[in-house]
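Trainee: Modelling step: build the complete structure from the supplied sequences, incorporating the hints.
Following the numbering used here, the numbering of the sequence shown begins with 483 at its first residue and continues without gaps.
Hints may be right or wrong, so weigh each one.
Below, in silico cross-link-like pairs of lysine to aspartate or glutamate (EDC-like), each with a Cα-Cα straight-line distance of 20 Å or less [claimed, not checked]:
#, residue 1, residue 2
1, Lys-680, Glu-662
2, Lys-496, Asp-622
3, Lys-510, Asp-622
4, Lys-510, Glu-497
5, Lys-496, Asp-535
6, Lys-496, Asp-634
7, Lys-496, Glu-662
8, Lys-510, Asp-535
9, Lys-496, Glu-541
Source of the hints: derived by calculation from the structure; they are not laboratory data.
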Amino acid sequence: MEFSTIVENRHSIKEYDSTVTISDAQLKSLFDTVVLSPSAFNLQHWTFVVARDPTLKQELQAAALGQPQVGSCSAVVMVCGRLDAHTGVREVFQGAPEEVVAKIDGIAQHIYANSEQMQRDEAIRGATLAAMSLMYAATDQGLESGGMIGYDPAAVSSLLEIPDNYIPVMMVVLGTSNGEAAPRSSRRPLDEVVKLEKFSGTGLA
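Mentor: Here you go:
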């Protein structure tokens, strides 16, 4: 599928056919693409927790303000961001020349080691890039999706046993729509959101 078609076809779906399941093979095909997402220093801040068990989905629904799509979708994916990803530079760059690894490691430690704010910001940035890739990849493979931020992070972390060095950045529901997608919401005009040269510059017409 052409990328422009994927973008145009993606909608946030809120009603799913609860009888449809997603297999391990489908998930592997999906995430083989998703893990190619970009990340700072290639630190790959993301870990994805996939919930398909009906009971667990119901518990997650309760932690997500009772939103019905969490219980009826085929899979709930919690996209988690690693706060201390900068400590894994050497693991990520195994096999690279030592001088290259040492340089990257030094820069990463300088940026992140003493700044919890930067660690959190980067965990969110990296996980969010992966979440968007997940939604586009789902569309490409004939699945519907929806990104969600309306949930209790502490409750979700407890249910999914997310360790303290990760944060639950975004919930993405996957499945097959149980009806027609709602019309796409309006978008702000380009001349309002794209500015040339400076923020105060001319809008792109």
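Trainee: Does each hint hold? Answer for all of them.
Mentor: Status of each hint after checking the structure:
At most 20 Å may separate the alpha-carbon atoms for a hinted pair to count; Lys-680 and Glu-662 exceed this at roughly 41 Å. As the CA atoms of Lys-496 and Asp-622 are separated by approximately 19 Å, the hinted pair is consistent with the 20 Å bound. Simply put, Lys-510 and Asp-622 have alpha-carbon atoms about 14 Å apart, close enough for the 20 Å limit, and the pair holds. Our distance criterion of 20 Å between C-alpha atoms is broken by Lys-510 and Glu-497, whose separation comes to about 24 Å.
Between Lys-496 and Asp-535, the direct Cα distance comes to roughly 19 Å. Compliance with the 20 Å bound is thereby established for this hinted pair. Using a Cα cut-off of 20 Å, the hinted pair Lys-496 and Asp-634 holds, with the two alpha carbons roughly 19 Å apart. Taken as a hint, the Lys-496 and Glu-662 pair is honoured in the structure, with Cα atoms around 10 Å apart against an allowance of 20 Å. Pair hint Lys-510 plus Asp-535 holds up; C-alpha atoms about 18 Å apart against a cutoff of 20 Å.
A threshold of 20 Å between alpha carbons decides the hint, and for Lys-496 with Glu-541 the separation of about 18 Å falls inside it, so the pair holds.
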